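Novice: Those protein sequence lines, which keep their order, are chains A and B. Reading the first sequence from the start, the letters are residues 1 to 629 in my numbering. Reading the second sequence from the start, the letters are residues 1 to 629 in my numbering.
Hint data in this document are derived by calculation from the structure and do not stem from the laboratory. Here the structure is a predicted model, which means the values were calculated and not measured. Where hints are given, some of them may not hold.
[What the hints assert, rightly or not] A few chain A positions that, by computed beta-carbon distances, are all more than 12 Å from chain B: (1) Lys-13; (2) Arg-20; (3) Lys-27; (4) His-78; (5) Thr-472; (6) Ser-488; (7) Ser-565; (8) Thr-567; (9) Pro-570; (10) Gly-613.
[To be verified] Derived DSS-like pairs (lysine-lysine); straight-line CA-CA distance at most 25 Å: (11) B/Lys-249 x A/Lys-296; (12) B/Lys-579 x B/Lys-600; (13) A/Lys-139 x A/Lys-313; (14) A/Lys-143 x B/Lys-313.
[Unchecked claim] Computed spacing ranges between beta-carbons, pair by pair: (15) B/Pro-627 x A/Pro-362: 52 to 58 Å; (16) B/Gly-105 x A/Lys-516: 53 to 59 Å; (17) B/Phe-88 x A/Ser-380: 35 to 41 Å; (18) B/Asp-592 x A/Asn-595: 26 to 32 Å; (19) B/Phe-88 x A/Ser-290: 30 to 36 Å.
Every residue, glycine too, gets a C-beta built ideally from N, C-alpha and C.
There are 2 protein chains.
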Amino acid sequence: MCSLESDTAMAPKITVELLRLLRQAMKNGKYVSQPIQAYIVPSGDAHQSEYIAPCDCRREFICGFNGSAGTAIVTEHHAAMWTDGRYFLQASQQMDSNWTLMKMGLKETPSQEDWLISILPENSKVGVDPWIIAADQWKNMSKALASAGHSLVAVQDNLIDAVWVDRPARPSTKLITLGLEYTGLSWQDKIIALRAKMTERKVTWFVATALDEIAWLFNLRGSDIEYNPVFFAYAIVGMNNIRLFVDQKRLTEPAVRNHLQLDSPSKPELSIQTSPYESIYTELQVICASLGSKDKVWICDKASCALTQVIPKIHRSPIPYTPLCLAKAVKNTTEIQGMKMAHIKDAVALCELFAWLEKEIPKGTVTEISAADKAEEFRSQQKHFVGLSFPTISSVGPNGAIIHYRPLPETNRTLSLNEVYLIDSGAQYSDGTTDVTRTMHFGTPSAFVKECFTYVLKGHIAVSAAVFPNGTKGHLLDSFARAALWESGLDYLHGTGHGVGCFLNVHEGPCGISYKTFADEPLEAGMIVSDEPGYYEDGSFGIRLENVVLVVPAKPKYNYRNRGSLTFEPLTLVPIQVKMMNTEMLTPKERDWVNEYHMKCREMVGAELESQGLKEALEWLIRETQPIV
Amino acid sequence: MCSLESDTAMAPKITVELLRLLRQAMKNGKYVSQPIQAYIVPSGDAHQSEYIAPCDCRREFICGFNGSAGTAIVTEHHAAMWTDGRYFLQASQQMDSNWTLMKMGLKETPSQEDWLISILPENSKVGVDPWIIAADQWKNMSKALASAGHSLVAVQDNLIDAVWVDRPARPSTKLITLGLEYTGLSWQDKIIALRAKMTERKVTWFVATALDEIAWLFNLRGSDIEYNPVFFAYAIVGMNNIRLFVDQKRLTEPAVRNHLQLDSPSKPELSIQTSPYESIYTELQVICASLGSKDKVWICDKASCALTQVIPKIHRSPIPYTPLCLAKAVKNTTEIQGMKMAHIKDAVALCELFAWLEKEIPKGTVTEISAADKAEEFRSQQKHFVGLSFPTISSVGPNGAIIHYRPLPETNRTLSLNEVYLIDSGAQYSDGTTDVTRTMHFGTPSAFVKECFTYVLKGHIAVSAAVFPNGTKGHLLDSFARAALWESGLDYLHGTGHGVGCFLNVHEGPCGISYKTFADEPLEAGMIVSDEPGYYEDGSFGIRLENVVLVVPAKPKYNYRNRGSLTFEPLTLVPIQVKMMNTEMLTPKERDWVNEYHMKCREMVGAELESQGLKEALEWLIRETQPIV
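The shape of chain A in the complex, shown without the other chains:
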């Protein structure tokens, strides 16, 4: 899937009273030493998570819009919310008339800074919760406001929380410990590797704020945030210290205490000192007070402004990607093995689903929602299933053209023999995370649909089969996915691929395949990304073809400057519907790719279907993987 969102409610939220309360709070001496003229409500949490817990859905609470990206700003007389093209329609439906929708990416839409400058009285104070704004965003906003005579101020008490009477509590779910059979590397070895990087770069402390990095480092998982097996925590690692900041109640389980060696550390420098989640701020202050003049502290430049500013500027060493982010992205042999297994199981579930759909659709009883539920049911029967990795996008006909569609009772369409069906779904298994999109037709697709599908397939293959030198950044591959569409004047308005975690977040950095960034890290053998070009015909149908692929060494004929080459190996092993292809448009190489891919599906998934005794799904698989000529 190419991004996320939570439930899409269609009736606008009534916000008159909420805005009145918020504006009161903006002048209330209890929260602010001086009244503020504007208050910014970003969409993230204190860890800059992409998915957030209900207690952190503050922007949704204040304006009603619940898409994944958006920033609300409230002033004395205005309330405005910025979001991007994916969400224009949804936001306009979810917000009442007190709110102005700011359509990002349109020429006439002012930036938040420009808008604030255009409407604020002179010398205004603009407030924001420093915990939920990233340090780099704070810097940019602060600079822009200062240039116009205003100032950005940190409001320690969150003003949305102040007016949110029934705000849910921060989750504190049970922690799961992962052994070497899942992780391939003990947390102790990960600490040692991290310290080696710190020594190499002459850094004395490292502050971890991203939840998936902390989960990965300690080989722990939680379920604090839906779809993301993470838990709320911070960590600080020094050359002789390990500090873990987490709700202390979670550490009473013997399995967890044992895993973290809390009661009997093997070595003093591998002893973990635990503290309450909230104490990170004061404890980091204590550490910073004792820094030597040359000591450097690593923190991600996307970490919260609040935490970043605890570290005195001369000691701060901000980095775009932390060493954990980079280490986590390159999967080890055990993780790769786990991801392969997870994808085979996931393919089993999808074969079952598609075989079932083929039988059921003609009856007219399958809807987008019931199909998504059925997919979850099949997946949940697979070993080590934990949950979904994101909300299933299950869409029929015109709904497929809404890139981030999620079926709701009021939009729910019935699957039929006449429309294109797109399903983008994935799961968390304790051995791996999956994310796959297939677009199918259960009747007869039109020539135009087949033509578009084939362009998308060509793009998918162009990326998947690409051979490229070691050190190549993913963004250099993005155009390969588009060339066939471009040649016919078509395109899709999203990136081509994102990093995928191993029993972790389905979206992770620092690699990806997109025209939108230049700051991605080079692809390396062991990295795992998605390959998901698409085409969307508004009001009619949507096509997307997504595999998760593993970066592997390639062995081409030559080896220029001994740089070595890379290519991709598909981990996703679900047949691509031949009925949707105009096979005459494929080159011999593309045809070979499809046939080889299908042979691999048949072999790997077929064996698993057989061993699970799933005959109907196996028959479907065999039928769908007949070679094309």
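Chain A is already provided as a structure; the job is to place chain B on it using the hints.
Specialist: Below, chain B alone, put in the same frame as chain A:
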């Protein structure tokens, strides 16, 4: 050509005495209020020109290295020079043992900042001439030094000039006026268009510092810098003022006075006030002293630090590309017509050259230098020839693998039937600028050479024939040029294309085709770039295939979101040697492209050869453009 350089002298320059004098100057109260501990010598001039006049070759003067890119830094005990991979060999040969070569791009090479910080005593002052360091470079260097307790200081008198006793004078060549038949747009209309942009962006003054932008704006040309038809000048444009800063002696010619309407301006707001070149600094100060509180001054962020800092920060509006740079890049109908004519004439000259080479090479008397001279001779016989647009790269066998090779007596090889010949050359005609590379074999190329050539050809065609949406940046096309090479494990270590001026610099922004930048501006119909993939086998041969191509609208089958599509039309019309191709490796589409291209060469260039009565060259053209099957 993909970059430039001047003559390559192979004996190192003796610099002991020069360095002693420079180090004295660094402590001399005549030049510096306090001694400086390091002095930076960038390679540019006050206009950040890529090619520079002899009087500005300060880095070459102090260290001996005369490549196009490099920065020298001298401290009390060290002298170091940073350059990139193109020049490692050349720099090591040209510099004596007083200098340390800093190989940029290698992991172990420190940045200039890190190196300075590692060797300077505490609280050091690092000096630089603020006129030849760009504002953005100053900012970065200054910040880095400050973080380590040092400071970057502007030394107004250039210390190299202080020790350079026989420094040449700044050139002041005759100005050439270009009428509407060459420019398609009067300078008055260009001023009006510029002012419209200024109004749109609420800018009251624009400072032009790039020489090609000033030449373009006023429809004037000069010959102050070899290969670049520009002249030393600055310009400042306000809503009612036009200021031109140029050596006043150049304005005595009646043709120039008349062209600029110096004695009888048509309208007051189109009256040009001229001032001496050097007075830009004080005159800009005067203008800035009179700025209203909301007035903004546009200046390129690559302009000199000296000039940028004249503008108070609150009035400064730095831009990566000026409106002149953007307007100049999109050629109008007259310019396109001129460029087409120039390329036909250029092709005529090259057809003559290749026909002549075919006859002469077997005699064993043609060398890299004599072939380059012959190319210039043929070009100089064409109408409106002004000069070369860069030093000809004429290289045989292993010399071809040196990307920026230029033949010198001591490296000069004889063309033969046994080695690959690469010629990258171009000219300035008053109707247009050319730049073309052809790689040929006059005997029988090996299978490996043909294989590599064919990969390069595939890459060239992939870019040239690419269809892509309006708004696409050139860097998104770079990988198309490499895909065929990558698939076989090969690559080339330079960009794929650069913008080309119209009777202006052969390298110009803001567009290009390279993996190295993300800051290029989107391609637009009317822009002109080069398409020049290559392959270099060290010690053996070099292959490059370069056409100059025009961005034109494409009309594919569909038109997604009404964005429109673009593609390229080759302006260069010189046959691509079929003998070098392994035609079996070409797809039918690629074969069609080659045949269509050759038909166009035959048609357009053939007609011109015929009308010029150049029979042998015409015969050669006909022979070399036989269709392949």
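Novice: Among the hints numbered above, which are violated by the structure, and what are their numbers in rising order?
Specialist: 5, 6, 7, 8, 11, 16, 17, 19
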